[in-house]
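First to last, the protein sequences are chains A and B. The numbering of the first sequence is our numbering, which starts it at 1 and goes up by one. The numbering of the second sequence is our numbering, which starts it at 1001 and goes up by one.
These are calculated hints, taken from the structure and not from any lab test. Backbone N, C-alpha and C define an ideal beta-carbon position, used for all residues, glycine too. Please note that a few of the clues may not be correct.
[Stated by the list, open to error] Label-pair distances were calculated between CB atoms; the ranges are: (1) I1087/B x H135/A: 47 to 55 Å; (2) S1022/B x N172/A: 41 to 49 Å; (3) V218/A x K1056/B: 45 to 53 Å; (4) V26/A x N1129/B: 50 to 58 Å; (5) T1214/B x D253/A: 27 to 35 Å.
[What the hints assert, rightly or not] Covered by chain B, per the in silico footprint, the following chain A stretches (three or more residues, Cβ under 8 Å): (6) 12 to 25; (7) 81 to 88; (8) 92 to 103; (9) 140 to 152.
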Amino acid sequence: MNWYGCWTLYSRESRRFLNVKMQTIVAPALTAVMYLIVFRYAMGERQVPDLDVPYFNFLIPGLVMMAMMQNAFANTSSSIMVGKLMNMQIFLMMAPLTAFEVTLAFLGAAVTRAFIVAIVLLLVLVPFTDMHIEHLWMILFYGVCGSIIMGGMGMIGGMWSKTFDDMALLNNFIIMPLTFLSGVFYSVKQLPESWQAVNHFNPFFYLIDGFRHGFLNVGDTDPSQAIAIVSMATLATIFACWKLWQTGWRLKD
Amino acid sequence: MSAALTVQGLTKTYKNGKKALSGVDLSVPEGSFFALLGPNGAGKSSLINILADTVKPSSGQVSFLGHDLFSERRWCKQRLGVVPQEIAFDPFFAPRDILKIMSGMFGVKPDMVWIDELLERLELSEHANKNARQLSGGMRRRLLVAQALVHKPKVVILDEPTAGVDVELRKRLWGFMRELNANGTTILLTTHYLEEAEELCDHVAIINQGKLLTSQSMKGLLNTVGSSALVLEYAEDIADESLSKLEAFSPRIDANKIFLCLKKDTSGQNNFNAAYQAAIQVLGEAQSVSVQNEDLEDVFLRLTNEHKS
């Protein structure tokens, strides 16, 4: 293992977003605050049906997880896209880094960005509620897995996209629908039964629900089933990134 | 002399069907200053990009300092520095940071003394802390050279490092490369400045249409392949049809001049008379006649013309 090389790439990928904090950390925090203000006054003191928690408390973990996932995706996809457009990915290919080391560094930086965003968001949002941490391990497990899955999808999306148009297509027609229909803003129990079934095929649903469970101690999914699905999805994502980078998919002719 | 690089039967066909290399064999001696020449589209960059691992080969083998390039990539990459032909830079960082990152990715803790020396030698010190986006084209190219050297490679490959670099700077850059070479670094370069290649390099290979035409020492090439040329000048431009009638002398036309290759026979006599008579017969009396010794450019043009399909 070229640990030092892997560490260098990880710090490059992390410094890239730390250098533009306004865009990468402050902006997502502001967006989340605005969502919260809107829903606070729109929903008032309403409770989430069947779950017996204030809607406001229900919303916060979902928003945090959504921001984590979006930022993890943005970190890897933008890096690879810019690399392609600036012809910069050749430096990665010329360096003595294996596909596994590259994957590790990219996903590590995605997780780092997701957690920094999550901590900032929680610091901003939690004072408005009486929420507290119920199961820290669940929060960490789903947080890490969610950012790995989304960071990995960002890597694959970045490799697949030839232009920023391709990337926008991916974002608007796959990532956004999956995130919005994953139960950030509602409990699946509020949906008609057919839609509830559909939701169980959305991997993001398990991530958001599990993450929220860590704060509220209630959820829509069976915890052991969710853990199994999320673990599998995480490993599959890492494996896919590793193998695709190794073959130089859409990067090397 | 052992070989820094041995290429055997290397082929490359791109996904769009373009055949860039059709079985190249090449040996680059360790410690040499090696010129890889060829017209545009000859396959030079394909060859270099395969060595750099930015393009996948279709078939063939490469041995790098005695190690198999494709199965021992890590070992080889740590000892190889490549300056790519196309400008590329990281728009998020300044040159000094870029060099630190590059060094780190090669697994080498950044040697700040060496990094500062590189910046100095490549005349980037003043710009070391500016964002790479603010650099001019020539500076970005020099930064590429610095990036290729930051991990102190044993073999350096430069793919047209001086395109768009002015004369003065080019001279200083070559001076630096000479020093590295004198200290034992093997240098392989491609360039379109043939005069510079002739002056700098001790070995030369010419490729055309994905095939190797010749590879030998610069002196050897100029002495054996290089010959003298009979130059006849006419009042009017010479028609291309006359080329076929003078094929025996590898003719080349440059507007109103025709160059005929003079070859020595076993007794050391050249075929001046035969060439002259043939030319007069086909083209008529010339306005002026002279004999020139071929330099690298002439040899290059003649060889690549002879092998046009």
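These are the hints, each one checked on the structure:
1. In this structure the supplied range 47 to 55 Å holds for I1087/B paired with H135/A, their Cβ-Cβ distance being about 52 Å.
2. With their beta carbons about 45 Å apart, S1022/B and N172/A fall inside the hinted range of 41 to 49 Å.
3. For the pair V218/A and K1056/B, the supplied restraint of 45 to 53 Å holds, since their beta-carbon distance comes to about 52 Å.
4. The hint said 50 to 58 Å for the Cβ distance between V26/A and N1129/B, and at roughly 25 Å that hint is violated.
5. About 28 Å separates the C-beta atoms of T1214/B and D253/A, a value consistent with the hinted range of 27 to 35 Å.
6. Here the stretch 12 to 25 of chain A counts 4 residues with a CB under 8 Å from a CB of chain B, which clears the bar of 3, and the coverage holds.
7. Residues of the stretch 81 to 88 of chain A lying with their CB closer than 8 Å to a CB of chain B number 4, which satisfies the three-residue condition for coverage.
8. Only residues whose C-beta sits within less than 8 Å of a C-beta in chain B count toward coverage, and the stretch 92 to 103 of chain A has 7 of them, enough to reach three; the restraint holds.
9. Residues of the stretch 140 to 152 of chain A lying with their CB closer than 8 Å to a CB of chain B number 0, which falls below the three-residue condition for coverage.
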